[in-house]
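Undergrad: Chains as they are written, first to last, in this note's numbering: chain R, 7 to 299; chain U, 186 to 656.
Simulated from the structure, these hints should not be mistaken for lab results.
Since the model is a prediction, treat every value here as computed from it, not as a measurement.
Fair warning: there could be bad hints in the mix.
Unchecked claim - With a cut-off of at most 30 Å between alpha-carbon atoms, the simulated DSBU-like pairs for lysine-lysine come out as follows:
1) R/Lys131 to R/Lys168
2) U/Lys485 to R/Lys46
3) R/Lys223 to U/Lys300
4) U/Lys618 to U/Lys295
5) U/Lys502 to U/Lys295
6) R/Lys54 to U/Lys485
7) R/Lys54 to U/Lys618
8) R/Lys260 to U/Lys485
9) U/Lys292 to R/Lys223
10) U/Lys295 to U/Lys578
11) U/Lys564 to U/Lys578
12) R/Lys131 to U/Lys618
13) U/Lys618 to U/Lys502
14) U/Lys502 to U/Lys576
15) R/Lys223 to U/Lys295
16) R/Lys223 to R/Lys135
17) R/Lys168 to R/Lys135
18) U/Lys578 to U/Lys567
To be verified - Examples of chain R residues toward chain U, derived with CB under 10 Å:
19) Tyr29
20) Leu247
21) Asp251
22) Ile258
Said to hold, decoys possible - Covered stretches of chain R (in silico footprint by chain U; criterion: 3 or more residues with CB under 8 Å from a CB of chain U, positions within the stretch not fixed):
23) 63-74
24) 94-103
25) 238-245
Idealized CB from N, CA, C, for every residue including glycine.
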Amino acid sequence: MRLNIHHETIYHYAAPASYSIQYLRLTPPSVPGQRVLSWKLSAPATLKPWMDTFGNQAHVLVIDQPHEEIRLLATGEVESDEGEFLISREGEIHPPALFLRPTRLTEASANLSEFASALRPALSKGRRKGLGDLMHAIRDAVSYQPGITDAATSAFEAFDHKAGVCQDHAHIFIACCKILGIPARYVSGYLCTAKLGEEGMASHAWAEAWIDEDGAKGWATFDVANRTQAGEAHVRLAHGLDYLDACPVRGIRKGGRGEALDVSVHVGESSHEPKRPTARESARKRASEQSQQ
Amino acid sequence: MDAFDEMRGPNGTVAEAYQAVAEWLYATPSRLLDEKRREAEILFRRIGITFNVYGEDAGTERLIPFDIIPRSLAPWEWTKLSRGLEQRVRALDAFLADIYHEQEILKAGKIPSHKVLGNVLYRPEMQGIEVPGGVYVQIAGIDVVRTEPDRFFVLEDNLRTPSGVSYMLEDRAVMMRLFPDLFAKAKVAPIDHYPHELLRTLRSVCPAHAGADPVVVLLTPGPYNSAYFEHAFLAERMGIELVEGQDLFVQDDAVFMRTTLGPRRVDVIYRRLDDEFIDPLAFNPDSSLGVPGLLSVYRKGGVTLANAIGTGVADDKSIYPYVPDMIRFYLGEDPLLENVPTWLLERPEDLAYALDHLPELVVKETQGSGGYGMLVGPKSSKQEIEDFRQKIKANPEGYIAQPTLALSTCPTFTDEGIAPRHVDLRPFILHGKNSISMVPGGLTRVALRQGSLVVNSSQGGGTKDTWVLEE
Numbered sequence: 007m008r009l010n011i012h013h014e015t016i017y018h019y020a021a022p023a024s025y026s027i028q029y030l031r032l033t034p035p036s037v038p039g040q041r042v043l044s045w046k047l048s049a050p051a052t053l054k055p056w057m058d059t060f061g062n063q064a065h066v067l068v069i070d071q072p073h074e075e076i077r078l079l080a081t082g083e084v085e086s087d088e089g090e091f092l093i094s095r096e097g098e099i100h101p102p103a104l105f106l107r108p109t110r111l112t113e114a115s116a117n118l119s120e121f122a123s124a125l126r127p128a129l130s131k132g133r134r135k136g137l138g139d140l141m142h143a144i145r146d147a148v149s150y151q152p153g154i155t156d157a158a159t160s161a162f163e164a165f166d167h168k169a170g171v172c173q174d175h176a177h178i179f180i181a182c183c184k185i186l187g188i189p190a191r192y193v194s195g196y197l198c199t200a201k202l203g204e205e206g207m208a209s210h211a212w213a214e215a216w217i218d219e220d221g222a223k224g225w226a227t228f229d230v231a232n233r234t235q236a237g238e239a240h241v242r243l244a245h246g247l248d249y250l251d252a253c254p255v256r257g258i259r260k261g262g263r264g265e266a267l268d269v270s271v272h273v274g275e276s277s278h279e280p281k282r283p284t285a286r287e288s289a290r291k292r293a294s295e296q297s298q299q
Numbered sequence: 186m187d188a189f190d191e192m193r194g195p196n197g198t199v200a201e202a203y204q205a206v207a208e209w210l211y212a213t214p215s216r217l218l219d220e221k222r223r224e225a226e227i228l229f230r231r232i233g234i235t236f237n238v239y240g241e242d243a244g245t246e247r248l249i250p251f252d253i254i255p256r257s258l259a260p261w262e263w264t265k266l267s268r269g270l271e272q273r274v275r276a277l278d279a280f281l282a283d284i285y286h287e288q289e290i291l292k293a294g295k296i297p298s299h300k301v302l303g304n305v306l307y308r309p310e311m312q313g314i315e316v317p318g319g320v321y322v323q324i325a326g327i328d329v330v331r332t333e334p335d336r337f338f339v340l341e342d343n344l345r346t347p348s349g350v351s352y353m354l355e356d357r358a359v360m361m362r363l364f365p366d367l368f369a370k371a372k373v374a375p376i377d378h379y380p381h382e383l384l385r386t387l388r389s390v391c392p393a394h395a396g397a398d399p400v401v402v403l404l405t406p407g408p409y410n411s412a413y414f415e416h417a418f419l420a421e422r423m424g425i426e427l428v429e430g431q432d433l434f435v436q437d438d439a440v441f442m443r444t445t446l447g448p449r450r451v452d453v454i455y456r457r458l459d460d461e462f463i464d465p466l467a468f469n470p471d472s473s474l475g476v477p478g479l480l481s482v483y484r485k486g487g488v489t490l491a492n493a494i495g496t497g498v499a500d501d502k503s504i505y506p507y508v509p510d511m512i513r514f515y516l517g518e519d520p521l522l523e524n525v526p527t528w529l530l531e532r533p534e535d536l537a538y539a540l541d542h543l544p545e546l547v548v549k550e551t552q553g554s555g556g557y558g559m560l561v562g563p564k565s566s567k568q569e570i571e572d573f574r575q576k577i578k579a580n581p582e583g584y585i586a587q588p589t590l591a592l593s594t595c596p597t598f599t600d601e602g603i604a605p606r607h608v609d610l611r612p613f614i615l616h617g618k619n620s621i622s623m624v625p626g627g628l629t630r631v632a633l634r635q636g637s638l639v640v641n642s643s644q645g646g647g648t649k650d651t652w653v654l655e656e
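If we strip away everything but chain R, and leave its shape as in the complex, we get (with noise of 0.2 Å):
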């Protein structure tokens, strides 16, 4: 399925701030289960591009002059397919145990800790099959419900408010992987809500534990969410020990009160024409293969 993605966040300042910087994570990776045929992604002053330790492509935005909004475009088409119930961890540099690190948005509490192993008859009989036990059982306890938490509101306590959104049901399931000695991680990325329908999201976040039974390692996707894998209508941007890792911006600034934030995502299949190349993309793709030759 081919899917079109038009993310804009745009911040607004009541007073101009000085000096903003901000860590973006907003460059899908061309995986397994997902091929980016274009991307671009803009924002007001130049974007100095890193990797981070998770690979994930990162990029620095500094705007040092007085400014009273930032403007993120992120538009592309991307490729996406079901894929595969474990995704191989070839090329990555950490080992599947250091996603058993403890952290502060995924730390565990008494109240979860019983929760979770209440899911160890259900492991014992096979890791695939328990943890999707894990992720319903998780579902039906934490409504979703935005507006209760927040960005910084861990897995425990949205654990105890019994609701939040897909930041916090993926957290509760890392927590709990944790708690049972799986090592699981956090996902960021996007969501063709036409396809799955049920929540009205199209920035989404989901969590991948570490699966190493019957011959097959990987890592399994879990969207507890909406209590499915990822699949076709999953796009991935970055993934991480938890939110912090991986959020599409992470940023700081000076000055610059009374914030106000609008993001608007729409997800869609893309029409199954290829699109016609315009006229000037078509005469640099000559003038491309000619310098080439």
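Place chain U on chain R using the hints.
TA: For chain U alone, coordinates are given in the frame of chain R:
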């Protein structure tokens, strides 16, 4: 417990290294010594060498007590010690390079993987990157204690932001001022070139782009930090800028310092700020002390951090027991300095032993420092031991236990006259691109309370000038 006294020795004769000190003590009237002690205190107050004590009212500044009787090491003692320290620093740096690249020591099963990968002081952000000059620990402070004339133990490695070197330098400066004649008689190896050596070390590990004249700065958390005096002191002695996070900013893959003449690119940051606070976009998001964006520059090799991010995993007390194995694994050598036998309380059998023997053990938090959160069994009341037992039981993996060592003593001024007091030694080891160097000696800390084994300044310890005699 009978401790070895470094001046008197086991048989009561004055050790060779202490000949000059002993003669001086014998020849100087006590009234004059008292006068000099008061003079020393005035000098320290005037220099402004104070430190903040955590756990007391914010901003409580105290003078670290200074004892005017020097501690003295013979040249051969120092030679042996310094070789052991150099070996240890080489192995610890090799360990860091390994765990942040191939992780061979984990694959070889020498250290359980989870102890490194699950350690909060291990920083995944460092994985796979090349640090400028290939050095992780440019400045190490390794705490050493002595139990016998020829027996030194490493008590702990400090590989993050070790402090105390300013006291080492000031103690010497004050001693030379108070007792110039003494230094005319004893041939004491000089240490005042330390700031020069430190700057040379920092410059040697600058990024490739920096050229022959790199810009080096010292990054401090600010005046509320307990070691702020030292930060200002070292910056001044090295002739480099003392900066706080807000004085630096990131742009175009580089770090710049704000100056009255406009932005100036910074090549090497001697940072005295912990990892956790160094870049709020990568670590603790609430930190206002660091430099936002620093990690992105660092990962691309645009700036040197001394010490590197993530060195704490090598000085963590739960990793300490494996240092002798590291020396064998990376260097193929036998350790020259001994480790203190250590029980890891995460191991059930070690825990059981420790809980049975608390009154005779020293128990420490694996990630603690500064003498906080520790139990010295033989010096604690029944109640203190019971309270500590509960803490250990609640979180065994947070603690290690060691036998209580009979730390050596040195003659020290006390309210009851000159008496033996326990000491340790923190030498400072500088690791540059192609060299390891140290000025002779280090900082001697002395437990001023009779019988006390805790030398930390935050716990009522004092300091002494430390001599290494020249041949």
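Undergrad: With reference to the structure, classify each hint as holding or not holding.
TA: For each hint, the structure was consulted:
1. R/Lys131 to R/Lys168: With a Cα-Cα distance of about 28 Å, the restraint between R/Lys131 and R/Lys168 holds, given a limit of 30 Å.
2. U/Lys485 to R/Lys46: holds (23 Å)
3. R/Lys223 to U/Lys300: Distance of about 23 Å is within 30 Å: holds.
4. U/Lys618 to U/Lys295: OK: U/Lys618 and U/Lys295 at ~28 Å, within 30 Å.
5. U/Lys502 to U/Lys295: Holds, because 16 Å separates the two Cα atoms, which is no more than 30 Å.
6. R/Lys54 to U/Lys485: holds (11 Å)
7. R/Lys54 to U/Lys618: holds (29 Å)
8. R/Lys260 to U/Lys485: Holds, at about 25 Å.
9. U/Lys292 to R/Lys223: It holds: about 19 Å lies between the C-alpha atoms, which stays within 30 Å.
10. U/Lys295 to U/Lys578: Holds - the C-alpha atoms of U/Lys578 and U/Lys295 are around 27 Å apart, at most 30 Å.
11. U/Lys564 to U/Lys578: Since the Cα atoms of U/Lys564 and U/Lys578 sit roughly 21 Å apart, the hinted pair holds (cutoff 30 Å).
12. R/Lys131 to U/Lys618: violated (54 Å)
13. U/Lys618 to U/Lys502: Holds - the C-alpha atoms of U/Lys502 and U/Lys618 are around 27 Å apart, at most 30 Å.
14. U/Lys502 to U/Lys576: holds (17 Å)
15. R/Lys223 to U/Lys295: holds (25 Å)
16. R/Lys223 to R/Lys135: The given pair, whose Cα atoms are some 15 Å apart, holds under the 30 Å limit.
17. R/Lys168 to R/Lys135: holds (24 Å)
18. U/Lys578 to U/Lys567: holds (17 Å)
19. Tyr29: holds (5 Å)
20. Leu247: Because about 8 Å separates R/Leu247 from the closest Cβ in chain U, which is inside the 10 Å limit, the hint holds.
21. Asp251: holds (9 Å)
22. Ile258: Cβ of R/Ile258 sits 5 Å from chain U, so the hint holds.
23. 63-74: That given contact holds, which follows from 4 residues of the segment 63-74 of chain R lying within Cβ reach (below 8 Å) of chain U.
24. 94-103: Contact hint for the segment 94-103 of chain R vs chain U: holds, 4 residues under 8 Å.
25. 238-245: violated (count 0)
Hint compliance for this structure: hints 12, 25 are broken, all remaining hints hold.
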